[in-house]
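Engineer: Sequence:
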Amino acid sequence: MYKASVHHQHPLALATSQPKGVPRGKASTGLRPRRRHCPSVLLCAKAHPSDEFPAVQGDWRSFRAELVSKEHAHRGLLQNPSYTVPSSAQVPSTRNVPGDWAHRLPEAEQGCLLLAPENEGGWWQHSVVLVLSHDHEGSSGVILNRPTNSTMRRVVPEVKYSEYHRRALASRQVSMGGPMGCDLDARCLVALSKCKLDVATREVFPGLWQVDDFDAVMPEHEASLVMFVGYCGWVHGQLDAEVANNRWTVAAASATNTMALVNSAAWTGDLMGEAIWAAMRERLERSEPRDARWGGGEQDEGPKL
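Every position in the sequence shown, counted from 1, becomes a number in this note's numbering once 645 is added.
Please note that the accuracy of each hint is not assured.
Unchecked claim - Computed spacing ranges between beta-carbons, pair by pair:
#1 Glu765 / Lys841: 19 to 25 Å
#2 Glu716 / Val844: 37 to 43 Å
#3 Asn764 / Asn908: 26 to 32 Å
#4 Met863 / Leu829: 17 to 23 Å
#5 Ala718 / Pro851: 40 to 46 Å
Don't read these hints as lab results, they were simulated from the structure. Heads up, the beta-carbon is just placed ideally off N, CA and C, and yes, glycines get one too.
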């Protein structure tokens, strides 16, 4: 993140940090760099004979998604013996590929998605937010489905793109990440990467990284970067309270599905993101048994596929 020339800082001086929790209706005044670390394993709930919890190797979120899918299948069969879990071809999505999955979560966590309710307006209308941090200091994220059809060079002209480590940014398409950090005197940049860039990135979740050192970005990294101007912020406890009050639907999604939300909105010209938001909601709904959908419902004849 960075604040522009008010304090005579380099244009991207603060773009290397995670945004601290800020009430989402108030402007940011610049943030201090800090690093975060994500858990790399998920501990199994079943006790181990040695009284130690065995660690799940690899992508623990994919492991959890598999458990959620099996739970949905079990619950669906209890409701309707003929129930079958929808395949990726049956479930609406921006793009379905091997390893692509999405399911709801009961509460927010780093790397989760937030889907705005249908009646939400303003900045949040039909928004799908990726939560980049969520801890005792607050929460921050970026809206994934607000493309601009413009490049960094046009939207953020104050950056010196002639410098070697800025060249990778110049031609990247930009999305609007949120209401904070959009003012000319306090512009904030966020960059996501589809691959790990040594020294330059930190892991949001397995398969997705955030740039936390723009000075370490090289021109050859350009193809992997997704750029945002602005971000979303919440003070400690604010996001959890909003989720508890049904202000957001919380979901987890694979890295492939998460990045497809950005790409599909740009490719289709869906500048307000309504189609992407609707597709994700439908995907989450149709992947679950009827009694788990959007706050529950009557357990009559099971899901219709």
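Engineer: So which hints don't hold here, by number, going up?
Structural biologist: Numbers 1, 4 and 5 - these are the hints that the structure violates, sorted from lowest upward.
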